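Novice: Each chain, written out:
Protein chains: 2
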Amino acid sequence: MKKMQIGIVGYGNIGRGAEKAVLAAPDMELRAIFTRRDVQSIKPISNAPVLPIEAAEKMVGEIDCMILCGGSASDLAEQAPMFAKNFNIVDSYDTHAKIPEYLAEVDKAAVSTTAVISCGWDPGLFSMMRTLFESSLPDGAGYSFWGPGVSQGHSNAVRGVPGVLNAVQYSIPLDSAVESVRNGSRPELSARQKHLRQCYVVAEPGADKQTIEQTIKTMPHFFADYDTTVEFISEAEFAANHKKMPHGGMVLRSGETGGNTQVMEFSLKLESNPEFTASVMIAYARAAVRLAAEKQFGAKTVFDVPLTYLSEKSRADLIRELL
Amino acid sequence: MKKMQIGIVGYGNIGRGAEKAVLAAPDMELRAIFTRRDVQSIKPISNAPVLPIEAAEKMVGEIDCMILCGGSASDLAEQAPMFAKNFNIVDSYDTHAKIPEYLAEVDKAAVSTTAVISCGWDPGLFSMMRTLFESSLPDGAGYSFWGPGVSQGHSNAVRGVPGVLNAVQYSIPLDSAVESVRNGSRPELSARQKHLRQCYVVAEPGADKQTIEQTIKTMPHFFADYDTTVEFISEAEFAANHKKMPHGGMVLRSGETGGNTQVMEFSLKLESNPEFTASVMIAYARAAVRLAAEKQFGAKTVFDVPLTYLSEKSRADLIRELL
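Those protein sequence lines, which keep their order, are chains D and U.
My numbering puts the last residue of the first sequence at 420; the count rises by one with no breaks.
My numbering puts the last residue of the second sequence at 420; the count rises by one with no breaks.
A couple of the hints might just be wrong.
Which copy? The list can't say, so a pair holds if one copy fits it or any two copies do.
[What the hints assert, rightly or not] Taking lysine to any residue and the SDA-like style, the derived pairs with C-alpha atoms no more than 20 Å apart in a straight line are:
| # | residue 1 | residue 2 |
| --- | --- | --- |
| 1 | K341 | Q295 |
| 2 | K195 | D401 |
| 3 | K195 | P178 |
| 4 | K410 | A194 |
| 5 | K340 | E353 |
| 6 | K140 | A152 |
| 7 | K341 | A254 |
| 8 | K340 | D236 |
| 9 | K195 | R417 |
| 10 | K392 | P403 |
| 11 | K195 | A413 |
| 12 | K100 | A288 |
| 13 | K99 | E126 |
| 14 | K410 | G239 |
| 15 | K410 | H193 |
| 16 | K99 | G158 |
| 17 | K182 | D204 |
| 18 | K410 | E198 |
| 19 | K410 | A389 |
The hints are simulated quantities; they were obtained by calculation from the structure and are not laboratory data.
Fair warning: this is a prediction, and the values are worked out from it, not measured in the lab.
Put together the whole structure using the sequences plus the hints.
Specialist: What follows is the structure in structure tokens.
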């Protein structure tokens, strides 16, 4: 059987993760990597050609699915509708509040293609769990916790503070909150009761550390509603201990049936957030290609795609081996 | 909108759980309970009519989905193909090895109906996790653990030992095994290394307890391959402490992407196994009715049904609230 021809658009952390995942998938072949940067500056792991993003339009029909690996704010809002006109696509669009309008835009473009949007782990696997848990246990309360892990958005916010050279922010779910959910007590938890925010900051020489710390801790939306710790470290320590991108988290639901407490839990413990995100996207790329082959066109979410479409295995094998 | 009309076939523990779940679902109405027992002997929680199972054939067109709550070995193999001829059905058929042949039988009968088979939690939710986990993390190893909780099959096996009046068997996942998986080491685990089996036995007066214990511990398939404990208790203690049907378990997968360890985990902690099983089945009953309305007939599994079909909420609401 002919292997699915995959294109990767954007070669940052997720793009590199997608490359590794495609190379590991026996039913896929990496056809090309597309970039807006100087193609000479990209050194892929594989020997896939690196092409300027404009070259994609000449490859309609040669690529079964494009993995869009750009950022939600900067890249995807523009790229997804553009690529969905001619290619099946998957992405990990994660601006939760804007998903309905993004979905509608992509759906308009995906007239004769299939686009699976927001299919990383949150949105993505976590969203699936929230829906499956709520449907299985309607009388209950659901909770999502993130971390321990690096939040890119919060790290960027800290890096934007005057006097900060470099920074990373770890989101830490509070054990007390997780335990109270696991015990079935359905607590009402404030932002502060759910997560702690730990910042590691490399300050510019001579910067006023007290002011930096104060600016971070009082930053609205990002930190003001949380208990936040700020620790100043050297660039060397930053390089040695804070370059990895671990993440993870939990989706929990505790509920009741007939007076009995029932608790459902899903968790991820990831050494590499972007690689895992990419690995999930590759499973949905397989689904996008299969859906398109059945002419199930348009913009889809993880809620719309049966699990049979994700696996390399046949339905019969899944039923025999995993049901 | 007209409520879905639900029938329950079989009024044991799962049947009673299904009744509670239907009563709690705002989009469903319990039309009737069908039994093979004397209808006078059944005292339902609701005021739904209790009818002999033969009465069902006169109600074709009046019931949108039948929840089959019988046992896999004794009831379902016969009932499911019979009911699927005229009704949409769901069941929790759990004889894993025979599922492919059972699916084929039900599929043959479900020509103009939709049947979702094996949709409890294992098979069911656990199966979904095994497939989702394997698809998300192909380079890895998957594990299922059951318990702590009552295994009906093993309890029945103990109750069959001569001299045993009553008994319950708890399956206990071993922490050492679970931890080794969580740590990403992909251990190869024997049956004995994964689960402990605890039996609480009420013996007949004057029975030879040593012989009973020996018979249990050496029973092939059920106990011989495990570390098994046997504790003799009084009927009073049995009644006081061992009448509940808690269960649960875990599906884990540890794998690698680009040299980074990634761990996925799903767990259930259930105070009532039959009520939770029934609650999941009710979500799939909703799916069966919707699939049938779209003429997606035949026998389906949890692998075939998109999550949108399970929820009472609209797709747009799911996307806005849970994606």
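Novice: If a hint holds in the structure, say so; if it doesn't, say that too.
Specialist: Consistency of the hints with the structure:
Only within a single protomer do K341 and Q295 lie at most 20 Å apart by alpha-carbon distance; the minimum there is 15 Å, versus 44 Å between protomers. Only within a single protomer do K195 and D401 lie at most 20 Å apart by alpha-carbon distance; the minimum there is 19 Å, versus 29 Å between protomers. Taking the shortest alpha-carbon separations for K195 and P178, only the intra-copy value of 15 Å comes in at or below 20 Å, while the best inter-copy value is 46 Å. For a Cα distance limit of 20 Å, the shortest separation of K410 from A194 across copies, 18 Å, qualifies, whereas the shortest one inside one copy, 35 Å, does not.
For a Cα distance limit of 20 Å, the shortest separation of K340 from E353 across copies, 19 Å, qualifies, whereas the shortest one inside one copy, 43 Å, does not. In this homomeric assembly, K140 and A152 come within 20 Å of each other (Cα to Cα) only inside a single copy, at 18 Å, whereas the closest approach across copies is 71 Å. Taking the shortest Cα distances, K341 and A254 sit within 20 Å of each other inside one copy (18 Å), while across copies they are farther apart (51 Å). Neither within a single protomer nor between protomers do K340 and D236 lie at most 20 Å apart by alpha-carbon distance, with minima of 42 Å and 24 Å respectively.
With identical chains, the CA atoms of K195 and R417 are at most 20 Å apart between copies only, with a shortest distance of 9 Å across copies and 40 Å within one. Taking identical chains as interchangeable, the C-alpha atoms of K392 and P403 lie at most 20 Å apart whether they share a chain (15 Å) or sit on different chains (17 Å). In this assembly of identical chains, K195 and A413 lie within 20 Å of each other by CA distance solely across copies; the values are 13 Å between and 38 Å within a copy. For the homomeric pair K100 and A288, neither the shortest alpha-carbon distance inside one copy (46 Å) nor that between copies (38 Å) is at most 20 Å.
Proximity of K99 and E126 under a CA criterion of 20 Å is satisfied intra-copy only: 9 Å inside one chain copy versus 50 Å between copies. In this homomeric assembly, K410 and G239 come within 20 Å of each other (Cα to Cα) only across copies, at 15 Å, whereas the closest approach inside a single copy is 32 Å. Taking the shortest Cα distances, K410 and H193 sit within 20 Å of each other only across copies (18 Å), while inside one copy they are farther apart (32 Å). In the homo-oligomer, the alpha carbons of K99 and G158 lie at most 20 Å apart inside one protomer (14 Å), although the nearest pairing across protomers, at 46 Å, exceeds that limit.
When the C-alpha separation of K182 and D204 is checked against a cutoff of 20 Å, the pair qualifies only within one copy, where the shortest distance is 10 Å, while the shortest distance between copies is 38 Å. Taking the shortest Cα distances, K410 and E198 sit within 20 Å of each other only across copies (19 Å), while inside one copy they are farther apart (34 Å). For the homomeric pair K410 and A389, the shortest alpha-carbon distance inside one copy (18 Å) is at most 20 Å, but the shortest distance between copies (26 Å) is not.
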